[in-house]
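Engineer: As a plain string of letters, each chain reads:
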Amino acid sequence: MPMPKAEASSVQQQNTKAIEFPKGIDEDVIRKLWKIKKEPDWMLEFRLESYKAFQAKKLPEWGPDLSDIDFQDIKYYATAGDQAHDWDDVPEEIRDTFEQLGIPEHEKDFLAGVSTQYESEVVYHKLQDKYKDSGLVFESIDDGLKKYPKIFKKYFSTIIPPGDNKFAALNSAVWSGGSFIYVPKGVKMEIPVETYFRINTESMGQFERTLIIADEGSEVHYIEGCTAPQYSTNSLHSAVVELIALKDSHIKYTTIQNWSKNVYNLVTKRGLAEEGARIDWLDVNIGSKVTMKYPSVILKGDNSHGEVLSMAMADSDQVLDTGAKMIHLGKNTTSIIDSKTVSVGSGKAIYRGISKITKNAENSKAVVGCDGLLVDPESKSYAYPYNTVSNTSSHLEHEATVSKVAEDKVNYLMSRGLEEEEAIQLVISGFIDPVINELPLEYSVELDRLLEMVLNREGKGHQKKKN
Amino acid sequence: MKEKDIKKRKIKPNKLDIVELDEVTTIEVKESKDFLLKEYIVGGEEHRVELKRKVIFQFTESDLTSDVSLKIAVEGNIDLELFILVVTPFGIQNIESTLDMNAILLDDLASITFVPSLEIEEMSVNVDHQSTIGTPEEAWIEYFESRGYTRSEAIKFIADSFISDIES
Chain A
1 MPMPKAEASS VQQQNTKAIE FPKGIDEDVI RKLWKIKKEP DWMLEFRLES
51 YKAFQAKKLP EWGPDLSDID FQDIKYYATA GDQAHDWDDV PEEIRDTFEQ
101 LGIPEHEKDF LAGVSTQYES EVVYHKLQDK YKDSGLVFES IDDGLKKYPK
151 IFKKYFSTII PPGDNKFAAL NSAVWSGGSF IYVPKGVKME IPVETYFRIN
201 TESMGQFERT LIIADEGSEV HYIEGCTAPQ YSTNSLHSAV VELIALKDSH
251 IKYTTIQNWS KNVYNLVTKR GLAEEGARID WLDVNIGSKV TMKYPSVILK
301 GDNSHGEVLS MAMADSDQVL DTGAKMIHLG KNTTSIIDSK TVSVGSGKAI
351 YRGISKITKN AENSKAVVGC DGLLVDPESK SYAYPYNTVS NTSSHLEHEA
401 TVSKVAEDKV NYLMSRGLEE EEAIQLVISG FIDPVINELP LEYSVELDRL
451 LEMVLNREGK GHQKKKN
Chain B
1 MKEKDIKKRK IKPNKLDIVE LDEVTTIEVK ESKDFLLKEY IVGGEEHRVE
51 LKRKVIFQFT ESDLTSDVSL KIAVEGNIDL ELFILVVTPF GIQNIESTLD
101 MNAILLDDLA SITFVPSLEI EEMSVNVDHQ STIGTPEEAW IEYFESRGYT
151 RSEAIKFIAD SFISDIES
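For the protein sequence lines, the chains are A and B, in the order given. Under the working numbering, the residue at position 431 of the first sequence is numbered 431, and the numbers go up by one with no gaps. Under the working numbering, the residue at position 71 of the second sequence is numbered 71, and the numbers go up by one with no gaps.
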């Protein structure tokens, strides 16, 4: 594929003032959004058709209870102003928020590029100059649409069409913000690019859209993180992520999700791997009120490979319904799913997955592991793995365990001088170690810290004695 | 094609509790016991059949151990979905259980879906499950062919052994 050239050398700043839509969604909201963004006509048609699909589709009849979501009680767009390319130009209150999260330091020290999204729009975006020279395209998705319309339209919504599910349809109707990345042939990014999402307004919906295209032989690692303050009303995060890995390319996508406990986190993530390509999802879920997320890989090309390494820690009053899907279409395809769930307090952690080897996926292999750890008497763990094989030359293996924190391990560590809470935390850290090991160092340290906070909150790190 | 046209070759039961695969079967586990499900299912020759079976093992007493073993051999025009659910509700304590599901596909017409599911609501529970879906080893087929069996006979012999193996 020829390297895309920007068809607009820069996007004219719109001098956008702070805007906040009132609550509710209808066609007028979508037209207003389209107008603010100054998008091409085809995008309006796409958005309106998607809205029709959203209205027609029902909520899923499986999984957590979503009946509390009032789609008319959500704000579908808010922005604090134009995008900046220098931290000093970001509005102070927004800058403070991200500085507390350590984003500027990460950018300086670890990252090839950073994008930060505040409510519905990207407020800061920068790619290091040396990576611009390589031809790497890393734009906010709104800019991607305007600067690279041909390649954008070629791939946009091809992996996740609006009719895929109700929340993909909603995102397709009201999407705003997100990242657009194109990695040219043969370009291998040694360090990652990152986007950080923040919902700050009460009753806000965030509907970012990410599209990553890795051309033949290229490699890219993308990291996203997200937070929000705690409110008493619900917020909704419904993102769509599409990855296209062309021949012999490699995309690694890491998510560290720490939404507050009033956020419904309902996300559709899917990648398409062509011949010899590889897609890795590393998915860490700690926050949110309800999460439904199943990163997927369609192994379309022969000899392609997909991996999902997933961790979910469900604290009290949380339902984290996570997992993965691997669909083997090509020959000699392989996949690995490794899921770790931890249930704390009355938290409910659910693994839900599909590994499907189709008739034509000859000589393919799938390995699935889903392990659950229960920390408290009130904790719950569920697993629903669907494993399908439709040809005689392929093989699928699955194993899973559900257990509590082993008393003998805790006793051993306490005999070595650790307090009980420290011992339990160490055992849990060991349980999720395969996930932590895959994170960049600064994120694994942060995850350990978050783990400690969750477990020590109200003494939930203790194994309560039963009468 | 109707389900009654599907042929099932039953293997002789042993001292284990043999579970029949009905559309939905719920088994209340009240004492320590092992369970065995084994089927050799032959689908249609001309018309494709969808066969869905669900078995729920619900523990109703505490302090039990139970192993559930399943062996299925499948051939012919059939899409088989087998949903096995192990449930330990809140209050049912000290359960040790293993769910072991294994299937072999005997030809490229058949398709099998395993759903080895768990619903665990009590922390003093240790449950493992494992499943494999594969096919008869080509080396074994060639061995039996070298001993005068046809390919079809060799595959059926291996399938019978695969299922019977659980009884020894």
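No lab work stands behind these hints, which were simulated from the structure alone. Small disclaimer: the values here were computed from a predicted structure and weren't measured. C-beta: ideal position from N, C-alpha, C; glycine also. Warning: the hint list may mix true and false statements.
Distance condition first, Cα-Cα at most 27 Å in a straight line; then the derived DSSO-like pairs of lysine-lysine [stated by the list, open to error]:
hint, chain 1, residue 1, chain 2, residue 2
1, B, K54, A, K58
2, B, K54, A, K359
3, A, K58, B, K30
Computed beta-carbon distance windows for the label pairs [what the hints assert, rightly or not]:
hint, chain 1, residue 1, chain 2, residue 2, range
4, B, V24, A, I69, 50 to 60 Å
5, A, E45, B, T25, 45 to 55 Å
6, B, E46, A, K153, 44 to 54 Å
7, B, A139, A, E275, 26 to 36 Å
Computed list of chain A residues with no C-beta within reach of chain B, every gap over 12 Å [as the list claims (entries may be wrong)]:
hint, residue
8, E45
9, D68
10, D302
11, I357
12, S381
Engineer: With reference to the structure, classify each hint as holding or not holding.
Structural biologist: A quick look at each hint next to the structure:
1. Of the supplied pair hints, the one linking K54 of chain B and K58 of chain A holds, its CA atoms being roughly 26 Å apart against a limit of 27 Å.
2. Under the criterion of a C-alpha separation no larger than 27 Å, the hint pairing K54 of chain B with K359 of chain A is consistent with the structure, at around 24 Å.
3. This hinted pair does not check out: K58 of chain A and K30 of chain B have alpha carbons roughly 40 Å apart, beyond 27 Å.
4. In this structure, V24 of chain B and I69 of chain A break the distance hint of 50 to 60 Å, their C-beta atoms being roughly 31 Å apart.
5. Taken as a hint, the range 45 to 55 Å holds for the pair E45 of chain A and T25 of chain B, whose Cβ atoms sit roughly 51 Å apart.
6. Separated by about 46 Å at the C-beta atoms, E46 of chain B and K153 of chain A satisfy the suggested range of 44 to 54 Å.
7. The hinted range of 26 to 36 Å is satisfied by A139 of chain B and E275 of chain A, whose Cβ atoms lie roughly 30 Å apart.
8. The Cβ of E45 of chain A lies farther than 12 Å from every Cβ of chain B, with a closest approach of about 38 Å, so its non-interface assignment holds.
9. Its beta-carbon lying about 22 Å from the closest one in chain B, D68 of chain A satisfies the requirement of being farther than 12 Å from that chain.
10. Here D302 of chain A stays apart from chain B, with its beta-carbon at least about 18 Å from theirs, past the 12 Å limit.
11. With 12 Å as the threshold on Cβ separation, the claim that I357 of chain A sits away from chain B is violated: the shortest Cβ distance comes to roughly 8 Å.
12. Not every CB of chain B lies more than 12 Å from the CB of S381 of chain A, the least distance being 5 Å, so the non-interface label is violated.
Hints 3, 4, 11, 12 from the earlier list are contradicted by this structure; the remaining hints agree with it.
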